[in-house]
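So the sequences go chain by chain: A and B. Throughout the first sequence, residue numbering follows the working numbering, covering 120 to 382 in sequence. Throughout the second sequence, residue numbering follows the working numbering, covering 3 to 229 in sequence.
FYI, nobody ran anything at the bench for these hints, they're computed from the structure. Nothing here was measured: the structure is a model prediction, and the numbers come from that model. Cβ atoms here follow ideal geometry from the backbone N, Cα and C, with glycine treated the same way. Keep in mind that a hint or two might mislead.
As the list claims (entries may be wrong) - Chain A is faced by these chain B residues, among others (derived, beta-carbon under 10 Å):
no., residue
1, S12
2, A16
3, Y65
4, F66
5, N138
6, V213
7, L216
8, K226
9, G228
Next come the chains, spelled out residue by residue.
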Amino acid sequence: MIKVESIDYKYEDGTLALKNVSIDLDKGKVIGLIGGNGSGKSTLFLNILGILKPSKGKIKYNNEPIKYDKKSLRDYRQKVTMVFQDPDKQLFYSKVYDDMAFPLRNLDIAEDEIKEKVNASLAEVKALDLIEKPTHFLSYGQKKRISIGGALIMDSKVLLLDEPTSGLDPAMSKEVKSIIKNLSQEKRIVVSSHDMDFIYEACDYIYIISKGEILGEGVAEDVFLDKDILEKSGLEKPWLVKIHENLNLPLYKSESELLENRD
Amino acid sequence: MLIIDKYAYSNRLADSDPFLKFIVVVIALAITTTIRSIYINIMIFAMMSFMTTKVAGIPLDKYFRILSIPMGFLLISTITILVSVSKIDIFVYSINMFDYYIGITISSMEESIYIVTRVVASMGAAFFLGLTTPLNNLVKVFRKLHLPKSIIELIVLIYRSIFIFLEEAQEIHTGQELKFGYSNFKNSLRSTGLLLRSLFLRVLLRYKEMVIILECKLYDGEFKTGD
C-alpha cells in the first residue's frame, strides 16, 4: 500500500505547505486526515496522487517509490484515485453516463464492459436512476453521488476522499458514511475532513495535520482524547468523546452503539 | 448553466442519430448557400424551426430568444450593406447631407433581404443541430469524419471553457450586485473592470483544476466517445 515518507512540499513562492509529513496507509482500513482550513490536507492528497511532486522525501506504492513519467503515473492513477471536494469541478461531461465512462474510455475498454461498470458503480452509490440525466439538473447531493461513483468505476486499490461530507445534508452524510463502510471491505480509503463526528465514526486510524505538519496520529479512540493537539489544530472533539468525558459514559464508536447500550 | 446545453441534453431528439441530423443540416446549408432564392431560404428556416421547436420540443419563446442574440449582429451588419453613400441621388429613400446622399437603393434592398434570409436559414439549421445534439454525439460525428484529433480536442475544451467562463462571470456578477456594485453608472464601470480582472484569474484557476481532473480521469490527449 501507500507510504508517504517524510515529504516536504514547497509552493512556487517558497512557502512550505507540507513539512516532513509521513503517513502509512497500512495503519487502518479507513484512514482519517483531519485538520483545519488550509492545514495542507488537499496538498497532501495531490502529492499522494502524483499531481504535485514533493520537494523532499518519497511516496511509495507497494514499497516502490512512485515514478513521475507519464506512463507510470497513468498506471498509478488506476490504482489510486480521488473524489474531489467540489463535485461541480469533478464532472467534465454534461451527461452522467458519459462522465462516468470517461476514464474507462480513456483506457480503451470495450463499451459493453463500460456499460456494466457504470451500472455497477451507480448502483453502489444508489444513483442508477440518474444515468441518462444531464449533470446540470442534479442537486448537489446527487452530483456528489455521481462524483463518488465516477471514482469507483476505476476499481482502484486506494480511494482518497477530500471533504466528502462538506455541503451535504445529514441524510446524505449518513449515506456517504455507509458507502465508505461498504467500500472499505475491498479498498483502502483515506478521508479528509474537519467534521469530527463524521471522522470519528467512519475512520479507524487518524492523522491530525496542522500548518503542514502531522501533529498526532493514532486509533480513533485515542487521538480524540488528546485535548492539546486538537486545540492546537483548531479542531474539536467529536460529541461521542465529549459525552464520554463529561457524562461518565463509556466511549462509544457510533451513535447506534450508544443507543443500543444505554440501559 | 448554459440554456443551449440544457436543451441539447433534454430535448426529444437528443438520442436520435447524430449523423442523420448532421447530414440534414449540411444539405440545408448547402442549398441555402448555393441556390439564390429568398423563398427556399424562408422554407428552410421554417422547416428547421419547426423541427427544433415542434419535433424536438424546445419551447418557442426560448428558441426565439436564443435566436435573437445572433439576430442583433445580423441587423447591424445588414445596415452596412443596405445603406450606401453617393454624390448623385440614385436612391429610393435618401437623406441629403452636405454634398452627399445617404440612402437605400433597390439593389441594396434586394441584396439585404436575400442575405438576411440566407443567414436566418443557416442559423436555423445550425441551431437545430446545436440545440438538439449533445456534445458527445457531435464528437461522434466529427470522429467519423476523421477530423484531426487536436481539432476535436479543441472543440471539446473550448465548449467546456465557455461554461467555466460563464459560470465564473455569473458568480462574480451576483456577488458584486449584492454589494451594490451596479447601483449607478460609475460603480458599474468599476465593477465591470473588476469583474474582468478577477474573471481572468478565476478562469485560470479553474483551468488548472480541470487539468488535474482530466489527469485523474486518465485523459490522454484524445476524447473518446465509445464507438
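Numbered hints the structure breaks, given as an ascending list: 3 and 4
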